[in-house]
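Trainee: Take these sequences, add in the hints, and give me the full structure.
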Amino acid sequence: MPLPIEIVLFIFLLTTAVVIARLEDLFAAAMLTGIFSLLSAGLFTIMDAVDVAFTEAAVGAGVATVFILCTLSLTAKREYQQPTRILPFIVVGITGAALIYGTLDMPAYGDPDAVPHGHLSAKFIEIEEKAFLSQDKHAAEPAQHGSGEKAVGLPNIVTSILASYRGYDTFGETAVIFTATIGVMLLLRTRRREKKVSPPNRDQMETTS
Amino acid sequence: MQWLGLWHYWAVIILMMIGLYIVIARDNLVKKVMGLSIFQVSVIMFYVSTGKVEGGTAPIIPEGGHDLVYSNPLPHVLMLTAIVVGISTTALALALIVRIQEAYGTVEDDELNAIDGAAL
Chain A
1 MPLPIEIVLF IFLLTTAVVI ARLEDLFAAA MLTGIFSLLS AGLFTIMDAV DVAFTEAAVG
61 AGVATVFILC TLSLTAKREY QQPTRILPFI VVGITGAALI YGTLDMPAYG DPDAVPHGHL
121 SAKFIEIEEK AFLSQDKHAA EPAQHGSGEK AVGLPNIVTS ILASYRGYDT FGETAVIFTA
181 TIGVMLLLRT RRREKKVSPP NRDQMETTS
Chain B
1001 MQWLGLWHYW AVIILMMIGL YIVIARDNLV KKVMGLSIFQ VSVIMFYVST GKVEGGTAPI
1061 IPEGGHDLVY SNPLPHVLML TAIVVGISTT ALALALIVRI QEAYGTVEDD ELNAIDGAAL
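Protein sequence lines correspond, in order, to chains A and B.
Reminder that position 64 of the first sequence reads as 64 in my numbering, one-by-one numbering, no gaps.
Numbers in my numbering are just positions in the second sequence, counted from 1, shifted up by 1000.
Just so you know, the hints here were simulated from the structure itself, not pulled from any lab data.
Quick reminder that beta carbons are idealized off the backbone N, C-alpha and C, glycines included.
Careful, some of the hints might be misleading.
[What the hints assert, rightly or not] Residues from chain B shown here face chain A by an in silico Cβ test under 8 Å; the list is partial:
#1 L1036
#2 S1037
#3 V1053
#4 L1074
#5 I1097
#6 E1108
#7 L1112
Mentor: Right, dumping it as structure tokens:
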């Protein structure tokens, strides 16, 4: 049984996405992407993913919107009117239909017996729950239990998995941020140097183009 | 109607397709990046929705909370990583767009093609 708030949020999300697609004023569209991220954070909370929700609210609604606004201040404020083309609609329709056909074999939303909830996830929850609750009773005892598996012993299971069980994943993520930062710095530094050294060169480029 | 339990996935797929449409049909590069972020949020939402357990709570253990049902924490962890990687790629794409604006004086895809075609 879907909650009414879920339906309302999904309708808002779809409306926002359609408006972003149709708007020619890019500043308005950038603000709408922030609203889009905020609405999706609300939906993540309803889906019990509170950590994802506040990361999305901070990163999607905050940082990404600021980045897009900065880019818009350096580029065009409006996009050009363009005729509606039929081919993208066909491609998108076929892709969407194929994806919806693919969901027909999936377990229903919220099904407790679905495959992803077994195996590793169930084990993580079991280990951490046992460790944390036994920690409450005997605070001195190390966070270790029965079968010799070491637990992290934090109340938030998502944090335990992120920082410990899947720590290498998070390490890889940090490497990606590092690479992206270097890329952005190199791209934007070249621009500044070119400007400073030879402004006439840039004018030439503009006249030739 | 067993298919009624799948409507979350369908709503997310429609959202995903709107993002894909913006990416392939719009000429402005900043608009394409916006479409890409819509697409990315939809994929994240799809993964998170597979982790939901009926009657479950957020996977945070309360003090003395026995016999609680938790939603699956594993998709949440994977999607946290995906969000951060997504903002990295968005930042890099926007930096590239700024460079394209510097070099060509436009960020419209068809104009860029015209300039490149004229140069050849």
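Trainee: Give a verdict on every hint.
Mentor: Hints and how they fare:
| no. | hint | result |
| --- | --- | --- |
| 1 | L1036 | violated, 10 Å |
| 2 | S1037 | holds, 6 Å |
| 3 | V1053 | holds, 5 Å |
| 4 | L1074 | holds, 5 Å |
| 5 | I1097 | holds, 6 Å |
| 6 | E1108 | holds, 6 Å |
| 7 | L1112 | violated, 10 Å |
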